[in-house]
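Both chains are sitting in their own frames, so use the hints and assemble them into the complex.
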Amino acid sequence: MNTEILMYVVTALALVGRVYDLLWLRWNLPNAHGPEFFMGVEVASEFRGARAIQWTMRYHALILAELVFVAAAAGWLVVLGLWRWLPGWAGGAAVIAILNIRAIEAWVRRSVPAAKGGDVGPAVALSLEVRRRGDYLSWVSEALLAVTLGASWILLLTRGADGWRWQSPAVWTYLAVASSLWKVSAVRSGVPLPADRAEEHRQWLNTRRRHSVRLLDCFSWFTVLLVAGYAALHSSPGDSAAPWLRWIMVAVVLAVWATMAAVTVRGQQRLASTAGGLRPMESWRGLSGQDDHHLLPGGVWGVGFVAGLILLIALNFWGL
Amino acid sequence: MLLTVDANDKRPIYQQIVDGVKALIARGDLREGTSLPTVRQVAGDLRVNLNTIAVAYRQLQDEGFLSVRHGAGTVVSIRPGRSIETEALRKLLRPTLTELILTGLSDEAIAGIVRQELKALRMKGDRR
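Going down the list, the protein sequences come from chains A and B. Position 119 of the first sequence, counted from 1, bears residue number 119 in my numbering, the numbering being contiguous throughout. Position 40 of the second sequence, counted from 1, bears residue number 40 in my numbering, the numbering being contiguous throughout.
Pulled out of the complex, with its shape left as it was, chain B reads as follows (with noise of 0.2 Å):
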């Protein structure tokens, strides 16, 4: 399991990790009940400060996306349903879909884009 950190990105590097993570469970490759590193190891594999780990930890557990268990430290936790509010969701779209639209794109590439990513990912699940 493995996630790309980009120094070139323009996303801080905790927010890089948190939906690296995300990506790795809507693509099957963690699971649920799989443990993470600690915030230490992540932190002294990258070169980082603690606090930058332990943010992006500390976010994926608010959105219970990780949970600490005793003795088993950080851990995958999905919770079936999440429930998250549907203004929510779209609020989570708009930024990369008006990015989309600036580009020039039509309308149905755009939606071609998004079915192929969805795709994607789906086919990547379905390998669990």
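Okay, chain A solo, but in the shape it has when bound (with noise of 0.2 Å):
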């Protein structure tokens, strides 16, 4: 086993991840509400039928062409085996996923006939409750996050083997400290709620609160994880350490992600249990009337966080 296995490991689970984000997630996303909305957009009658249906294979295509493009680019990297490359890609695939459904997104809102919400917005409910922070992030966890991150660096900067590259533990440190930002987000961030079965949509939205931070606390420790298994990996001198060491490191960080994977499945689950029948979030219409306020948090936010990952992965690829 080289010292570069958890590389491989990180990339055949991003793998299998794609393949289920792809197969359940993903492929029925536009139809997953039913015949009035189309990824979630409420669409005129005319919409309807056929042109749903041309619609739906667009999507299916646009999808297919990602898949295609990505698994070639991971084919090119094993035929001319450049195997350091593979968590650049792993990260890469993960970028162009997100900015294809986002712009997928943005089309479909630009050019799909959507229902007619009225001039005037409507009414929608505020929910009173509190919230806070700490009844959904546990703080003891964040302390032990941050504490993991910062010993694996001083252990890398101080006891660091003459072989050891920043570029990948800089990548994993980068998603971590984003994803523990984006959890205090996901806590803070709210939406106007629809007026009617308002107490349901706000059990949905908690629920999809909750399932959010967990999902990102699995995350977080995933890739703070994978940064203190590299420190421990390439602190000893000569690069040599021991073989049962690799072992536990790959061994912890399939533990974190086969948590992770059922988290998101029983996340999944419980989300499409709550939702029975509720509006799709990306219909909810705020006090303006519109329906793409959702789309505005965070925004700015989101840009910086692609465009830093983007850079760091190119740095990563090109070994800077």
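Hints listed in this document are in silico derivations from the structure and should not be mistaken for laboratory results. Careful: at least some of the hints might be erroneous.
Unchecked claim - Cβ-Cβ distance ranges computed for the label pairs, FRET-style: (1) B:S67 <-> A:S288: 43 to 53 Å; (2) A:R197 <-> B:E117: 16 to 26 Å; (3) A:E36 <-> B:L97: 35 to 45 Å; (4) B:P12 <-> A:R110: 28 to 38 Å.
Think of the CB as a built atom: it goes at the ideal place given N, C-alpha and C, for glycine as much as any other residue.
Here's what the structure looks like:
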């Protein structure tokens, strides 16, 4: 087993995650809420039927094109034996997936005939429930994450072996810090609730919020343990960590990944069971009557995050 | 605890929030000492300006329905026997009664509506 084993494990896990994402979460996304909605947008009656089928086919073509592109890139790396670039490929594939789905959403909102929402905004419901960060986040877990991350970097910087490269731990650290900030944002952010069945919509939103925080929590640990594993494997002189240590690291990363997968599946099931008959969030209208308000918060931060990630992946890719 | 804000309502948003919180207190859904979310949270959830919510909270505070407690944030504070002059209460009723009279309802019908609303409020309040 060579020293880059963690990278291969991460790449393989990313691949499994992508297949699950594609088959279970994204493939049926446009029509998941019935014929009245397309990708969550409430559509006009003339859109249903043939036009909806046509748009669904376009959507599937775009998703398949993305998959072919990502798979071709992976094949190219494998054929040329560029194993070192695989983590960059995994990150790049995730960025492409996010950008692709956002672009499709924007295209749908721009081009699909939406149901008329009226000139004046509708009634919305407001929850007076206090959302404290401590009710959703575990400060002990956050502190442990920070300590583990800090200790790993201290270990790398003070006792790092000659062959260690900063790029991969930097990408994982970036993702860990970003996911922690994302958790806080997930707790703080809210949207106007539909006035009809307001309590059920509130409960669904709260379930979604808790699911997001749990998932991000797992992801934080996943990335932090990757940094810790990298530090442990590359901190001994001559880059000769004991084989058992590598296996332990792989086992720990796999366990966290399995937990993350279980949390994802269970969360999706819980959300689906809570959502019974409720309006998809993408169609919730604010006081202005617009249903795209959920796209605005964090927009600038999201762009900054993706730009930073692309930069780090590029640095990793070219070994700068 | 949910309150509704309607874009088609003639009242400004801050006034709808003030009235909504008062109604929740009157029904017993908001009890004394219950914490309310921060101005920032409410403004973010409704996607309105911070000042809109700050004005609503300030009015509720001025009227004695809310108070700011160190460490607990903004909490519901119901002062027993709130000292509102009888004339001030009559002033509050007048516009609504005027609207009802203008719809052509008889005095008995108006009194019936008022009794029904009172009964509904009291019934919710008794559930405490």
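Within 28 to 38 Å: is that where the Cβ-Cβ distance between P12 (chain B) and R110 (chain A) falls?
holds, 33 Å
Range first: 43 to 53 Å. Now tell me if the beta carbons of S67 (chain B) and S288 (chain A) are that far apart.
Between S67 (chain B) and S288 (chain A), where Cβ atoms are some 33 Å apart, the hint is violated.
Holds or violated: 35 to 45 Å for the Cβ distance of E36 (chain A) and L97 (chain B)?
Given a distance of about 43 Å, which is inside 35 to 45 Å, the answer is holds.
Between R197 (chain A) and E117 (chain B), does the C-beta distance stay in 16 to 26 Å?
holds, 24 Å
Consistency note: the structure conflicts with earlier hint 1 alone.
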